[in-house]
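Enquirer: Here is what each chain is made of, one letter per residue.
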Amino acid sequence: AQSVSQHNHHVILSEAASLELGCNYSYGGTVNLFWYVQYPGQHLQLLLKYFSGDPLVKGIKGFEAEFIKSKFSFNLRKPSVQWSDTAEYFCAVNGGYGQNFVFGPGTRLSVLP
Amino acid sequence: DTAVSQTPKYLVTQMGNDKSIKCEQNLGHDTMYWYKQDSKKFLKIMFSYNNKELIINETVPNRFSPKSPDKAHLNLHINSLELGDSAVYFCASFPRGSNTEAFFGQGTRLTVV
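Residue numbers (this note's numbering), protein chains in the order written: chain A, 72 to 184; chain B, 954 to 1066.
What the hints contain is simulated information worked out from the structure, not anything from laboratory work. There's no promise every hint is true.
Under 7 Å between C-beta atoms, here's a sample of chain B residues computed to sit facing chain A [what the hints assert, rightly or not]: (1) 975; (2) 1017; (3) 1048; (4) 1054; (5) 1055; (6) 1059.
Listed next, the stretches of chain B that the computed footprint assigns to chain A, with coverage defined by at least 3 CB atoms under 8 Å from CB atoms of chain A [said to hold, decoys possible]: (7) 994-1004; (8) 1037-1047.
Note that the Cβ used here is the ideal one computed from N, Cα and C, for glycine as well.
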């Protein structure tokens, strides 16, 4: 069965600081990987996704993530955060056909102005 | 045109009542999910329907029952509501077997008083 862990429950940063949110998954086969963002009071929106190819993927709003297969990791990064990035961030895994779409527990990011 | 729509957006009801939440997707996807997001923001899969067939049923109380009249709809019916059922419920659709992301509805905030 697939599982996803996220390293940090709550991250607090000042504006312009760099961000890295950790994500590790457990699944033996080929996986599709995702980062979703949930702004306060809103639904989940896709930030970026990885299926194959270049392990460094770029998403919306200046976010990027790197897939490191040997570490079963898919960490999210942003060089300079803004107050508007304050949200809950979820890493998700889908192990392909017949597998479920499983989310990590989420990391709350608070950016101080 | 909203891809995945849920109604109602907010639902306040008394303990013991029976309620339903509706979900419709116009993406032609063959798999739909219901997730429960608790106060700690953790997203837990409740049900998944693939072509009207229940393919997973996580350890949720049998007071919760998914109903799918057709491929585009997956409604969630809850009997004898309890205080602990208060949460945000998200519907999602996903084209199983394809390299793409899950699409989410805007969520239904259920408050049981």
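Enquirer: Verify this for me: three or more residues of the segment 994-1004 of chain B with a beta carbon less than 8 Å from a beta carbon of chain A.
Expert: holds (count 5)
Enquirer: Can you verify the interface hint for residue 1055/B: is its Cβ closer than 7 Å to any Cβ in chain A?
Expert: 5 Å, holds
Enquirer: Count the residues of the segment 1037-1047 of chain B with a beta-carbon closer than 8 Å to any beta-carbon of chain A: does the count reach three?
Expert: holds (count 3)
Enquirer: Would the hint on residue 1054/B be counted as holding, given a Cβ-Cβ threshold of 7 Å to chain A?
Expert: 5 Å, holds
Enquirer: Can residue 1048/B be said to touch chain A, with a Cβ gap under 7 Å?
Expert: Violated, because the Cβ-Cβ distance from residue 1048/B to chain A comes to roughly 10 Å (cut-off 7 Å).
Enquirer: Does residue 1059/B hold up as a contact with chain A if the rule is Cβ-Cβ below 7 Å?
Expert: Since chain A brings a Cβ to about 4 Å from residue 1059/B, closer than 7 Å, the hint holds.
Enquirer: Is the shortest C-beta separation between residue 975/B and chain A less than 7 Å?
Expert: 16 Å, violated
Enquirer: Restraint: residue 1017/B near chain A, CB-CB cut 7 Å. Satisfied or not?
Expert: 17 Å, violated
Checked against the numbered hints above, the structure breaks hints 1, 2 and 3 and satisfies the rest.
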